[in-house]
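Number of protein chains: 4
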Amino acid sequence: MSTVDLSITAPAIDVEHEVHARHGYSANKDAYLRRLKRIEGQVRGIARMVEDDKYCIDILTQVAAVTKALHAVSLGLVEEHIGHCVVGAASEPDPGARAEQIDAKVKEATDAIGRLLR
Amino acid sequence: MSTVDLSITAPAIDVEHEVHARHGYSANKDAYLRRLKRIEGQVRGIARMVEDDKYCIDILTQVAAVTKALHAVSLGLVEEHIGHCVVGAASEPDPGARAEQIDAKVKEATDAIGRLLR
Amino acid sequence: MSTVDLSITAPAIDVEHEVHARHGYSANKDAYLRRLKRIEGQVRGIARMVEDDKYCIDILTQVAAVTKALHAVSLGLVEEHIGHCVVGAASEPDPGARAEQIDAKVKEATDAIGRLLR
Amino acid sequence: MSTVDLSITAPAIDVEHEVHARHGYSANKDAYLRRLKRIEGQVRGIARMVEDDKYCIDILTQVAAVTKALHAVSLGLVEEHIGHCVVGAASEPDPGARAEQIDAKVKEATDAIGRLLR
Numbered sequence: 028m029s030t031v032d033l034s035i036t037a038p039a040i041d042v043e044h045e046v047h048a049r050h051g052y053s054a055n056k057d058a059y060l061r062r063l064k065r066i067e068g069q070v071r072g073i074a075r076m077v078e079d080d081k082y083c084i085d086i087l088t089q090v091a092a093v094t095k096a097l098h099a100v101s102l103g104l105v106e107e108h109i110g111h112c113v114v115g116a117a118s119e120p121d122p123g124a125r126a127e128q129i130d131a132k133v134k135e136a137t138d139a140i141g142r143l144l145r
Numbered sequence: 028m029s030t031v032d033l034s035i036t037a038p039a040i041d042v043e044h045e046v047h048a049r050h051g052y053s054a055n056k057d058a059y060l061r062r063l064k065r066i067e068g069q070v071r072g073i074a075r076m077v078e079d080d081k082y083c084i085d086i087l088t089q090v091a092a093v094t095k096a097l098h099a100v101s102l103g104l105v106e107e108h109i110g111h112c113v114v115g116a117a118s119e120p121d122p123g124a125r126a127e128q129i130d131a132k133v134k135e136a137t138d139a140i141g142r143l144l145r
Numbered sequence: 028m029s030t031v032d033l034s035i036t037a038p039a040i041d042v043e044h045e046v047h048a049r050h051g052y053s054a055n056k057d058a059y060l061r062r063l064k065r066i067e068g069q070v071r072g073i074a075r076m077v078e079d080d081k082y083c084i085d086i087l088t089q090v091a092a093v094t095k096a097l098h099a100v101s102l103g104l105v106e107e108h109i110g111h112c113v114v115g116a117a118s119e120p121d122p123g124a125r126a127e128q129i130d131a132k133v134k135e136a137t138d139a140i141g142r143l144l145r
Numbered sequence: 028m029s030t031v032d033l034s035i036t037a038p039a040i041d042v043e044h045e046v047h048a049r050h051g052y053s054a055n056k057d058a059y060l061r062r063l064k065r066i067e068g069q070v071r072g073i074a075r076m077v078e079d080d081k082y083c084i085d086i087l088t089q090v091a092a093v094t095k096a097l098h099a100v101s102l103g104l105v106e107e108h109i110g111h112c113v114v115g116a117a118s119e120p121d122p123g124a125r126a127e128q129i130d131a132k133v134k135e136a137t138d139a140i141g142r143l144l145r
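Residue numbers (our numbering), protein chains in the order written: chain C, 28 to 145; chain P, 28 to 145; chain A, 28 to 145; chain F, 28 to 145.
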């Protein structure tokens with residue numbers, strides 16, 4: 028499913044990946060890395076709370092905060108996927124390939140959102 | 028809000044905390060620490076995917092997996108809170124104090140679940 | 028699974044059901060019925076928006092509002108389940124039966140919360 | 028926020044709305060209306076369970092089922108919004124207006140998804 032796997036067998040997709048890498052979330056890569064670093068620290072903090080026998084409700088509050096932070100990261104990625112991958116598919120010049128690519132990208136986005144909602 | 032803070036001013040609660048520490052999630056402390064360690068590794072893996080310009084949808088799939096793992100941790104903590112803290116309050120001998128403690132623990136649990144649902 | 032089915036074969040549970048009926052969400056029955064009536068009206072309003080070709084985002088906003096209202100109802104029911112059914116099990120005089128009943132009620136509550144989180 | 032409001036001041040958008048009305052969720056309008064009618068019936072069924080003092084856990088199971096059905100409706104609407112409104116904006120011939128319209132539609136979609144996640 029990952030672009031890397033595909034790129035091994037299909038260099039054409041690699042080009043698409045490059046376009047994606049330039050236009051997608053990569054513009055905000057450092058911001059995403061900082062947010063994920065912070066989330067990693069929050070998870071470590073929760074482990075420390077468990078280690079120190081902190082009160083379960085206080086731990087739950089922290090778990091809810093991490094979940095919320097992950098939702099925010101997800102939403103950012105969804106926004107960039109729609110804005111770049113879907114819109115990129117929509118600018119494909121060949122109408123037949125365009126319709127197909129749009130459908131594929133929209134389906135991917137919707138499936139990903141569905142996994143977040145579950 | 029934490030038992031530790033309370034225990035500074037109220038040694039009686041400290042005893043309750045000890046009971047909690049022995050009977051609550053502490054019985055499964057190692058299991059929780061292992062799960063949190065794994066979640067921390069998953070978050071680090073997501074950062075690596077961003078670093079490597081992996082496809083946004085694949086990153087979203089991993090974020091959804093971490094969210095699900097956190098939900099499982101939350102549910103475990105909720106179960107132990109209800110089974111130990113709420114039930115502990117219910118076994119308070121003084122009826123007046125019991126009703127009050129039950130209400131407080133149930134309210135805490137419900138508020139925590141509400142934060143998970145948001 | 029319902030108390031009614033059980034009560035047909037087990038009159039003892041019927042008594043428990045009566046206790047539950049008096050002490051559980053039944054105290055707030057009218058409030059729940061009013062909230063559910065309002066939710067039913069909101070769903071009908073969404074159907075009318077679809078009928079009238081309203082903008083999809085506006086429909087989504089209403090769907091999110093109904094989901095939120097259902098979450099509030101759920102939380103209320105969870106609170107009453109913990110406060111009455113779990114606490115009720117904790118006041119069972121026979122220690123063996125008590126431990127078993129507490130475990131069953133806590134498991135039921137946690138499973139129900141898990142279904143809400145998914 | 029609704030297309031109707033926009034169409035008052037911008038007849039060009041009105042045309043877009045017509046396109047949307049023909050190409051968006053409207054193609055599946057009957058399917059959406061049937062699903063919403065079923066959800067309305069489910070909510071009425073939950074009210075009946077409350078009326079009949081059914082067991083709180085059984086009611087919670089039904090509430091979770093309705094929430095899940097609403098999520099499915101939401102996902103369908105999100106899919107059609109992305110596939111029609113976002114892609115429609117991407118086919119706007121004027122590049123300046125296009126970028127602006129894409130941003131607006133993507134933002135709307137992401138905000139709506141965010142409301143579903145909360």
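Derived by calculation from the structure, the hints in this document are not laboratory data. It is possible that part of the hints are untrue.
Intra- or inter-copy, both count: the list cannot distinguish identical chains.
Claimed, not checked - Heads up, simulated EDC-like pairs for lysine to aspartate or glutamate below, C-alpha to C-alpha not over 16 Å straight-line:
id, residue 1, residue 2
1, LYS95, GLU78
2, LYS95, ASP138
3, LYS95, GLU127
4, LYS134, GLU106
5, LYS95, GLU119
This one's a predicted model, so the numbers in the text were calculated from it and none came from an experiment.
Taking the hints in turn, this is what the structure says about them:
For the homomeric pair LYS95 and GLU78, neither the shortest alpha-carbon distance inside one copy (23 Å) nor that between copies (22 Å) is at most 16 Å. For the identical chains of this complex, LYS95 and ASP138 are inter-copy neighbours only, at 15 Å across copies versus 20 Å inside a copy, given an alpha-carbon limit of 16 Å. Taking CA atoms no more than 16 Å apart as the test, LYS95 paired with GLU127 passes in neither setting, with 34 Å inside one copy and 29 Å between copies. For a Cα distance limit of 16 Å, the shortest separation of LYS134 from GLU106 qualifies both inside one copy, at 15 Å, and across copies, at 7 Å.
Neither within a single protomer nor between protomers do LYS95 and GLU119 lie at most 16 Å apart by alpha-carbon distance, with minima of 36 Å and 35 Å respectively.
Against the hints set out earlier in the document, violations occur for numbers 1, 3, 5.
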